[in-house]
Amino acid sequence: MGVRNLSCDVLVVGGGAAGLSAANAAADKGAKVLIVEREGELGGILNQCIHNGFGLHRFGEELTGPEFANKDEVKVEANPSIEVELGCSVLELAHDGDRLRATVSSEALGLAHVSCGAIVLACGCRERTRGQINIAGGRPAGVYTAGSAQKLINVDGALVGKRVVILGSGDIGLIMARRMTWEGAKVLMVCELASEPGGLRRNIQQCLVDNDIPLYLSRTVTQVFGHDRLEAVELADVDPATMRPIPGTEQRVECDTLLLSVGLIPENELAKTIGIKIDRATSGPAVDESLETSVPGIFVAGNELHVHDLADYVSEEGEVAGRNAAEFALGERKAGTADIEVVKGENVGGMTPQHVTGSAEGVTIRFRPRKRIQGAEIRVTSAGELVKRARRMIVVPSEMQTIELSADDMAKVTGPIEVSCTPVANGKKGA
Amino acid sequence: MATETKSFTCVQCPMGCPLTVTLEDGVVKGVTGNTCPRGAKYGAAEATHPERVVTSLVGVVGDHHPVSVKTAGPVPKETVDAVLDQISATEVRLPVHIGDVVVRDVAGTGVDVVCTKSRER
Ligand SMILES: Cc1cc2nc3c(=O)[nH]c(=O)nc-3n(C[C@H](O)[C@H](O)[C@H](O)COP(=O)(O)OP(=O)(O)OC[C@H]3O[C@@H](n4cnc5c(N)ncnc54)[C@H](O)[C@@H]3O)c2cc1C
Ligand code: SF4
Numbered sequence: 000m001g002v003r004n005l006s007c008d009v010l011v012v013g014g015g016a017a018g019l020s021a022a023n024a025a026a027d028k029g030a031k032v033l034i035v036e037r038e039g040e041l042g043g044i045l046n047q048c049i050h051n052g053f054g055l056h057r058f059g060e061e062l063t064g065p066e067f068a069n070k071d072e073v074k075v076e077a078n079p080s081i082e083v084e085l086g087c088s089v090l091e092l093a094h095d096g097d098r099l100r101a102t103v104s105s106e107a108l109g110l111a112h113v114s115c116g117a118i119v120l121a122c123g124c125r126e127r128t129r130g131q132i133n134i135a136g137g138r139p140a141g142v143y144t145a146g147s148a149q150k151l152i153n154v155d156g157a158l159v160g161k162r163v164v165i166l167g168s169g170d171i172g173l174i175m176a177r178r179m180t181w182e183g184a185k186v187l188m189v190c191e192l193a194s195e196p197g198g199l200r201r202n203i204q205q206c207l208v209d210n211d212i213p214l215y216l217s218r219t220v221t222q223v224f225g226h227d228r229l230e231a232v233e234l235a236d237v238d239p240a241t242m243r244p245i246p247g248t249e250q251r252v253e254c255d256t257l258l259l260s261v262g263l264i265p266e267n268e269l270a271k272t273i274g275i276k277i278d279r280a281t282s283g284p285a286v287d288e289s290l291e292t293s294v295p296g297i298f299v300a301g302n303e304l305h306v307h308d309l310a311d312y313v314s315e316e317g318e319v320a321g322r323n324a325a326e327f328a329l330g331e332r333k334a335g336t337a338d339i340e341v342v343k344g345e346n347v348g349g350m351t352p353q354h355v356t357g358s359a360e361g362v363t364i365r366f367r368p369r370k371r372i373q374g375a376e377i378r379v380t381s382a383g384e385l386v387k388r389a390r391r392m393i394v395v396p397s398e399m400q401t402i403e404l405s406a407d408d409m410a411k412v413t414g415p416i417e418v419s420c421t422p423v424a425n426g427k428k429g430a
Numbered sequence: 000m001a002t003e004t005k006s007f008t009c010v011q012c013p014m015g016c017p018l019t020v021t022l023e024d025g026v027v028k029g030v031t032g033n034t035c036p037r038g039a040k041y042g043a044a045e046a047t048h049p050e051r052v053v054t055s056l057v058g059v060v061g062d063h064h065p066v067s068v069k070t071a072g073p074v075p076k077e078t079v080d081a082v083l084d085q086i087s088a089t090e091v092r093l094p095v096h097i098g099d100v101v102v103r104d105v106a107g108t109g110v111d112v113v114c115t116k117s118r119e120r
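If you read the protein sequences in the order shown, they are chains A and B. Here numbering that gives the first Met the number 0 is used: the first residue of the first sequence is 0, the next is one more, and so on. Here numbering that gives the first Met the number 0 is used: the first residue of the second sequence is 0, the next is one more, and so on.
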């Protein structure tokens, strides 16, 4: 039995928020689209995010994750130009003459090759695990990443534990603190290694303050106890200067569950199979303003590009990537000829795009501030000249910032573009 | 006359503005810290009669995968525990569709609990 061959204009890898909107945008441009999704249903991480807080920007109403996903799924299902393969993984990407080829595998197809004109990568992100942080002790049951616990409870209907400590104040950890409280568990505390909470402010209010769950900053878990099942954890204060536990501050807390919410990393294993250049600051592919990677014809959106806090912006990116992928595949794309670097200035962490080629009308810059500033100004300059500036009441690392450069703004660009995010001059009372 | 201030984070959008509400004898006199009018409205309501949308899960007869649900609108904060109790005592039969009512007038709040996910099987 030979390997099956499939063909499409645009292959979308991943059927989460990014992939769904990319597929719809590509099909609207006239492309024949195939979505390949590893899980048995579309929606990605939205399926396990049963809380509300999605879609305010995009739909003007507050939706739960499954409802947000459903809006795009309905459009995908109704569109005859979009095909979907569920339970199907993309294993490898390769060049195939002037086209691209993906090797996919599923129970229904076996091993198959998909020949396509362009690809949108929308594989999402994965969670950092215990192996990537420093916790001593054995391997008792009861230690989960927050996202896997979220899936177990919300999708699989499993019970995870009764006395819970959460390490890390990222959004998933905060959301899970409320979920487990509401499901009848006792959440003892959330500990955060850093001196700033990792998640959105409104999640701290709604999930912790509302349920009287204490948040301890500059504190971490140093050890786990228990043979078969977790029995207790050891906590210690952390020196903010060295980020190391302070001897003598150790405290033992009895619990049967430890949730780890210690960070997300773009899932770029697939991108690496075709040698896509990865940016060190975002851990995702480096892109231009069309969200095209270093491999022509391969675009990327959503959490695989840069870990996002809002699904609305993930969908927006999906649309940009999908539209450009369709134009590429149909031979309608205006290729960029410039190569202008976008440089991270003061207080700017991970940022996209990494360079601008002139392949789109305007440029949407998204970045994470390195530190909290009340009364901030985002400045975009080129060769020392101001291109655009914008004020923000407050910027924090947990909230991605967006600044749009119009075609007129871009006309002022004469060299590398630098983005900085600093306190407003004389703005002391502005807070 | 008793003047009182309450401080909390606005949860109406991800900006999360720090609101301060001034009350005189339980009546809202002013809201500061908000960036937009929604925040002022929310601040006044939160200081006097806080409400929450509750999201949870209901069991499915003959299947261990639950179905996600929410209150179709916000319910008074002090009723959240009673709402959760009634939701967790509820089971549904498939198929279900987004918006299907699974509990009417939950915990006497006048608000229905509806499905947030469609499932045929
Ligand atoms: C706990 C939590 C709470 C959140 N809360 C909010 C909120 O309140 N409001 C808000 O706006 N946003 C929120 N977000 C953010 C938002 O939901 C996500 O950023 C967004 O849904 C991510 O979409 P995505 O398409 O990039 O990734 P995903 O949804 O992760 O989709 C990626 C998909 O790709 C598939 N895939 C991966 N690799 C392969 C492969 N090789 N082959 C085939 N398929 C593959 C995966 O199975 C998955 O379905 C939250 C996120 C989390 C985790
Ligand atoms: S005051 Fe307005 S801008 Fe600020 S968090 Fe509330 S709704 Fe958002």
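It is possible that some hints are incorrect.
What the hints assert, rightly or not - These stretches of chain B come out as covered by chain A in the derived footprint (C-beta under 8 Å, 3 or more residues):
# : stretch
1 : 39 to 45
2 : 54 to 62
Stated by the list, open to error - Simulated crosslink set (EDC-like; lysine to aspartate or glutamate; CA at most 16 Å straight-line):
# : chain 1 : residue 1 : chain 2 : residue 2
3 : B       : Lys76     : A       : Glu360
4 : A       : Lys333    : A       : Asp308
5 : B       : Lys5      : A       : Asp209
6 : B       : Lys76     : A       : Asp211
7 : A       : Lys150    : A       : Glu38
Bear in mind the hints are in silico, worked out from the structure with no lab data behind them. C-beta atoms are modelled at their ideal positions from N, C-alpha and C, and glycine is treated no differently.
Taking beta carbons only, do three or more residues of the stretch 39 to 45 of chain B come closer than 8 Å to chain A?
violated (count 0)
Given the hint that Lys76(B) pairs with Asp211(A), does the C-alpha gap stay at or below 16 Å?
Holds, at about 13 Å.
Taking only the CA atoms, is the gap from Lys76(B) to Glu360(A) under or equal to 16 Å?
violated (48 Å)
Take a quick look at whether Lys333(A) and Asp308(A) sit within 16 Å of each other, Cα to Cα.
violated (31 Å)
Given the hinted pair Lys150(A) and Glu38(A), is their alpha-carbon gap at most 16 Å?
holds (13 Å)
For the pair supplied as a hint, Lys5(B) and Asp209(A), is the alpha-carbon distance within the 16 Å limit?
holds (14 Å)
Within the assertion that chain A covers the stretch 54 to 62 of chain B, do at least three residues meet a Cβ-to-Cβ distance smaller than 8 Å?
holds (count 4)
Checked against the numbered hints listed earlier, the structure breaks hints 1, 3, 4; every other hint is satisfied.
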